[in-house]
Amino acid sequence: MTTPAFETRVRQALFASRRWHPAEIAFWLVAFGAYLAFPRHLLLLNEIAILALFALSLDLILGYAGIVSLGHAAFLGMGAYAAGLAAKYVTADPLAGLAVGMGAAGLLSLVTSPLVLRGTDLTRLMITLGVALILYELANSFSALTGGADGLQGIVMAPVLGLFDFDIFGRTAYFYSLSVLFLLFLTARRVTNSPFGLGLRAIRDNPLRASASGVPNGWRLAAAYTLAAAYAGAAGALLAQTTQFVSLDVLDFHRSADLMLVLIIGGAGYLYGGLIGAIAFKLLQDAIATFTPQYWMFWIGLFLVLFVLGGRELIHGAVKATASRFARLGKGPAR
Amino acid sequence: MLTILFDGIAYGMVLFVLGCGLSVTMGLMNFVNLAHGAFAMLGGYVAVAAMQRLGLPFLASLPLAFLVAALVGIVLERLIYRPMYAKSHLDQVMFSIGLVFMAVAGTDWLMGSGQQFIRLPAWLQGRFEIAGIGIGRYRLFVIAVCGLLAVSLQWGFTRTRFGSRLRASVDDARVARGLGIPVTRLFALTFALGSGLAGLGGALGIELMGLDPTFPLKFMIYFLIVVTVGGTSSITGPFFAAMLLGVADVVGKYLVPQVGAFIIYALMVVLLITRPHGLFARARA
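Listed in order, the protein sequences are those of chains A and B. Take the first sequence: its letters are residues 1393 to 1727, numbered as in the working numbering. Take the second sequence: its letters are residues 427 to 711, numbered as in the working numbering.
A few chain A residues that face chain B, going by a derived Cβ cut-off under 8 Å, partial list only:
1. L1462
2. D1513
3. T1515
4. G1522
5. E1529
6. F1645
7. I1692
8. V1700
Hint data in this document are derived by calculation from the structure and do not stem from the laboratory. For clarity, every value in this text was computed on a predicted model and none was experimentally measured. All residues carry an ideal CB built from backbone N, CA and C; glycine is no exception.
Using the sequences and the hints, build the whole thing.
In structure tokens:
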């Protein structure tokens, strides 16, 4: 049914969105340059990078594929525990551990994807929540392996690539996490701007029409789900490796809920949403936690309520407007 | 063994009172209110405060718990819930999780993070035995109260004018409005009823489930299962779901304590897989 002219147009559109915008380059230069600007806050920067990766993961399935999940912490925890255990019992090499973490989370999502891909949004919310809770209980029960409530201790990491030792200032940790984030971001950028990514968006907007026009809904969603899970697993692995500790906290419900807030702040459905949200969320958390550490939960709740009541596309809209203004200045294509 | 079963039934009864409020708001009004547990916690704390600070007897604190929770429910419905009805499920979930977080931290700040206790009157303490089954007096009381509630709710929804108007509004709000049914007010009342029931359940459940600021998070999943499994077409659905859940949870914790809450979550996932649309047994047009 497609005419050659149509195909060329699609190809051109895909190609245009693949081109790098100056603002994007600036964003990553700033991200890597933050090391020079805030040498005392490398640990916080490292946390931001990891949270950004985690948010990128949720954005892939929520923003692009339209799969709602209330249990994304399951994959973060899976990656963290897998990487932690790998470091403890198999190899101390960080990259191998990262691969193990991603693999474990990906495997978990393959097993659970049949559960998640059926039913309505509400069923998905409940099932993803249920899976995360089950994992939490499992990690708590198998304390011989996971350390239970005490956490998994005694993780010692070898230098990254055999060259860069982890130090207490978080220098290596920051560059390591940011590099992983950057590489995975490139992959995500490539994927979302491919015909595969277009198909995902079609499914998100109208599953019935997408399948009518020949997009295989089931396996595409499963593939997106698995990719996102691997990303979350990577975030978990980075967390385990750079903090050299894994506790039940990585599987806790508040992780999934916080992540939602991150994505609301940044806006879902574009790749920088999670990254911007992570930066804003961590800085906010850091600021509030210094004067009221115990009741941080209250404020997070208040933000959630206000954001939803006020329209959660607010910030996304503001970012888009700014971006398009920049785009007009640079005469590049708006993204 | 039968004693455990009895305890499980009492537990299930409380879950029913807690959950049926949610099955009214979530099932009937199609609003995902994860903050339902916060109303239950409110009821519990009202009962505690009434007994400890005001010195009210236990029986008087129960209706108070219902009233306060219902009142707060009606105010919140008016102020912040109403704009959420039209939004997506995801929005509703995030909104109500935000409310839960605020309730948890706020209660912690107001009442302290410790577990709350109440003193039951003497005639509700202890247990007696019939044919080898140990029967706790309080549990028997709970079963009686909740059983009465279940019957009157079922009667209320199927036999009264209020019930039929409500069901009409749920099925097609526009037509109902056209027929002169005050849909908005009906929903507000229903929401208040659901919140009040949650509050009453929270007060009744202090003795069986405990009460501390994390209550809404801890039991969120239980309420959801009651609604998920029970459906909304009648009061009997949630009732049986609550029984099943209560018995499964008590028996599980008694016989295989090491798996903890695992059984409940596994039960939910299995039930959702086998009945993915169990949430809306009566599909909405």
